[in-house]
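Novice: These are the residues of each chain, in order.
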Amino acid sequence: MAIAGVILIKVIVVFTVLLILAAYMTWMERRVFALVQVRVGPNRVGPAGLLQPIADGIKLMFKETLIPADANKIIFILAPALTLIPALSSIAVIPFGDKVEIFGYQIDLFLADVNIGILYIFALSGLGVYGIVLGSWSSNSKYPLLGGLRSAAQLISYELSLGLSLLGVVMLSETLSLKGIVDAQSEIPFIILQPLGFVLFVICMLAETNRAPFDLPEAESELTGGFHTEYSSMHFAVYFLAEYCNMITLSAVGATFFLGGWRGPFLPPVVWFLIKVIAFMFFFMWLRATTPRLRYDQLMDFGWKILLPVSILNAIVTAGAITFFNL
Amino acid sequence: MFTAIFRGLWLTLKHSWKSRETVQYPEQKESMPIGYRGLHKLLRWEDGLERCVGCKLCSAACPVDCIHVESEENESSSPVSKGERYASVYEINELRCIFCGYCEEACPVGAIVLSNEYEFCADDRSKFLYEKEDFLVKRNEDYPELKNRYPEEKLLTYL
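Protein chains in written order, with our numbering: chain A, 1 to 327; chain B, 1 to 159.
The set of hints was computed from the structure by calculation and includes no laboratory data.
Be careful, since some hints might not be right.
Said to hold, decoys possible - One-sided excerpt, in silico: chain A residues whose CB lies under 10 angstroms from chain B:
1) A34
2) L35
3) V36
Using N, Cα and C, we set each Cβ at its ideal position, and we do this for glycine too.
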């Protein structure tokens, strides 16, 4: 019973923190953009604009929900949920700290340590593609359809390289579970042993979350909003939240696989974990403020003709090095 | 290709330590240049008499008919203006006004001028009908942007 209670509390805490973090990532994005654009960004709503996400949430709740006349209503309403649920569930296997002792209970700071950890995350991100495709198709409109098709093709192509780029780390730590991978980095973080894998992972992370320079599916200038053109109010908010939750989850995966998870001197583990995740997010936003977006055929070319062979090569070289140096 | 991205990243990062361009209105306000066409003001002469003689040239010049002037004879014992008449009623509908400055160009005595004031919101349309007391300045020096706009020596020849 006590264990059930502990797990329940952990679930509530983790999901609350994740949702609040996703909302405040919008604040951080606007402030980071302003920082590199010599502006100030939101600073009126509450101290330093910190209440801005709440104001945005309230505004979105009060907006009118418009559903296009010939849209498939059931799927139209269901699709954002199909994107949000995998984004939220992936956080369950990510360890965000070492063991802690509260009131005499030993609590592990992750929700579930499945021994197929990273495979679970990939399976869920595969499901996330459904949400985008169904949402765009059920809108019964040109722009969402094109955006959704492009997005689906992009996501599927880059998922392959994403998996392969992590294969090197999996081989080095001999386990798929994320807790095991963090444990295997007790001496050296894997970014030093797998620099190419890290670069590949970062590129695939950008493509998986539809972030610049791979954000053609939601490019406003080309597609007036892509797959979420016809969505308004809370449905749009769910898509938006799903995108930021995805970003946070993949940043957390990146931090776990390459930067040593929650490891670090002096500060408590959870703080280190948050620092690493936010560092990744800052890099996302910095990159978005800098680069122009890739054209769709350039994107697909890059994914299939360059990333996939290079990630396979990375896996082969890592395997060879492990065998020959008996790592 | 990657070097180009890193150079771009460095360029954007460099901007993060430049000072911000944002003007935090209403705590900081940018000053408008000389010649900015804001709210109207009715000026005075050096000795304190009003300049406006109620000639209605501004009303005739106005392209949108937003100025209404009525004039009355000056009492010789206590003249209000330097000429024979003065403006007893001087109304401008600031909502109609397009701030073109034609009234200022038309005025022969340099009475009506457009100052740098641009903050005059109200919550009711009737509050935008400004009367003479809203325009008449207490001293010309209150509006430094209007200094030397209409030198006295040139205009006194009209009277």
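Novice: List, from low to high, the hint numbers that the structure doesn't satisfy.
Specialist: none
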